[in-house]
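Participant: Chain A is already provided as a structure; the job is to place chain B on it using the hints.
The chain contents come next:
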Amino acid sequence: MQIGIYTVGDITPDPVTGRTPTEHERMLAAVALAKKAEEIGLDVFATGEHHNPPFHPSSPPTLLSFIAAQTERIILSTSTTLITTNDPVRLAEDYAVLQHLAEGRVDLILGRGNTGPVYPWFGKDIRDGIALAVENYALLRRLWREEVVTWEGRFRTPLNGFTLVPRPLDEVPPFVWHGSIRAPEIAEQAAYYGDGFFHNNIFWRLAHTQKMVNLYRQRFEHHGHGPADTAIVGLGGQFFMRPNSQDAINEFRPYFDVAPVYGHGPSLEEFTAETPLTVGSPQQVLERTLSFATLMGHYQRQLFLIDHAGLPLKTVLEQLDLLGEILPALRAGFAEGRPAHIPEAPTHASLVAARNAEPAERPVVYDEVTGSSPEAGER
Amino acid sequence: MTTIAVVTAGHSTPSSTHLLGERLADATLTALAGQGVRATAVFLDLRELAADLANQSLTRFAGGRLQDALDRVVQADGVIVVSPIYNGSYSGLFKLFVDALDEGTLAGRPVLLAATGGTPRHSLAIDHAMLPLFYYLKALIAPHPVFAATKDWGAAGGRLEKRVNRAARAFAELVVEARPARGGDEFQVTDFTELLG
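Line by line, the protein sequences give chains A and B.
Heads up: the first sequence begins at 5 in my numbering, then just goes up one per residue.
Heads up: the second sequence begins at 5 in my numbering, then just goes up one per residue.
No lab work stands behind these hints: they were computed from the structure.
Beta carbons: idealized from backbone N, C-alpha and C, even for Gly.
A few of these clues could be false.
To be verified - Computed list of chain B residues with no C-beta within reach of chain A, every gap over 12 Å:
hint : residue
1    : Met5
2    : Ala58
3    : Asn59
4    : Gly68
5    : Ile145
6    : Glu165
7    : Glu190
Said to hold, decoys possible - The calculated lysine to aspartate or glutamate pairs, modelled on EDC-like cross-linking and capped at a C-alpha distance of 20 Å, are:
hint : chain 1 : residue 1 : chain 2 : residue 2
8    : A       : Lys215    : B       : Asp103
9    : A       : Lys39     : A       : Glu27
10   : A       : Lys215    : B       : Asp195
Stated by the list, open to error - Covered, in the sense of this in silico footprint (three residues per stretch, anywhere, with C-beta under 8 Å from a C-beta of chain B), are these stretches of chain A:
hint : stretch
11   : 204–211
12   : 216–224
13   : 319–332
Isolated chain A, as found in the complex:
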């Protein structure tokens, strides 16, 4: 089970102090969070991608490569990478470079994005959202898997004899998750390829998330990747905890009440009752999180949003300390009753091992500079 955090990268005034952090501060805070996440034993750090204020992470590969240089173990991911408005060739290049520099500690969660104007800013039309996600990802897969790509589609200029550089590390592309709140087409896309499916699971009812996850699981089996319960599922979630639950509620309420997205709407009590947000003691966060596995089936990745709505870095780091304290219990809880055939989320190492188990499909890579290939070197 992978447990980690994901940041939206919002720059929101702290409603308690009235102070707005700078872009610079928020960017460095993301780095601090990632390092802290590794320190307390988390498995994943993911960043959002945005191209408008009040957000800072417009270039996730740059941010993540800086973090990669300062960490050793944690997997770096995205929440989400815009598969609609980014050029798939550019994505293939950026994340192949990152994958090499991070020694394989990279995967991606793809999403369509939810900000209308981003589409026209990048020369696209939001009404093509699903079609863009389908075509761009199909090309991205080929760029990572085929040495020479000749391709023609609707949304970008054709490619004739294009070779991506660098090739993915060990000729194994980063693992891909497809994220969607409510588009069955995206769950279907994840299922078709046998990729992971990620539900952000922070604004909607758990019953809705459950339906999307079930749809993905059924289609995963339909497309021949294995039984539904072996599909690769990731979920979001959000919490605010203090040792005493009333302290957590009192401290978080001013942030909740004016938070972007849900502020000025439902009360904290209504929102915690109806969505996965948990505000309370570490024990409450532990129990609520473990209940996701009961509702969705045994899953592979749990990411938490903890650094939004203007919460100061110091407070967020304290949240990570508290998460670190319940982490062993969280892992034990997820492991309890988990059948042996439920897979872990694929990592670079596991994907390389799986590829090596099928030598017949292994491509031979010939290095034109040195005249050697890894295969030749091994023999």
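Facilitator: Coordinates of chain B only, in the frame set by chain A:
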């Protein structure tokens, strides 16, 4: 069993808007019974959903009892909608509910329009405000909308009742003929090979 959803946006209790909804529902059930169709009416008083509607417009998810109300419209064979007329148009509460419906919910679904107002001078609000809205939503609009001014409730000769009955009979005919979809399955999936093209 045929189901008629009655959406009323009256702001007070008791409400003449709710009362008009009741009269139209009764008359519709009677008209349906006359055609041998057994039907029930489900009343959705938007006043009770006001906070959930405001929250939904911000969070995009239907909390509290709102999801159940939206589902009842999706499952209805016909919908009677009644709004008070404020400043020459339907009320904000009424529009919040319409906006909360999933796209396509009312397409092809029989809808009977009705409104209440202080004086008969507001009666054209149905034609210039409600009609375009429900045309946009591709609803199957019943031919005799009903407007009830305050004075109509005391009018002699059962004139309001006659208008209610005439509207209900035409609406009932649409309900019997239309058989609208009970709401598409939002989790229905197109095989990916088709999406790939």
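Participant: State for each hint whether it applies.
Facilitator: Against the structure, the hints:
| no. | hint | result |
| --- | --- | --- |
| 1 | Met5 | holds, 26 Å |
| 2 | Ala58 | violated, 7 Å |
| 3 | Asn59 | violated, 4 Å |
| 4 | Gly68 | violated, 7 Å |
| 5 | Ile145 | holds, 27 Å |
| 6 | Glu165 | holds, 42 Å |
| 7 | Glu190 | violated, 7 Å |
| 8 | A/Lys215 to B/Asp103 | violated, 23 Å |
| 9 | A/Lys39 to A/Glu27 | holds, 19 Å |
| 10 | A/Lys215 to B/Asp195 | holds, 17 Å |
| 11 | 204–211 | holds (count 3) |
| 12 | 216–224 | holds (count 3) |
| 13 | 319–332 | violated (count 0) |
Checked against the numbered hints above, the structure breaks hints 2, 3, 4, 7, 8, 13 and satisfies the rest.
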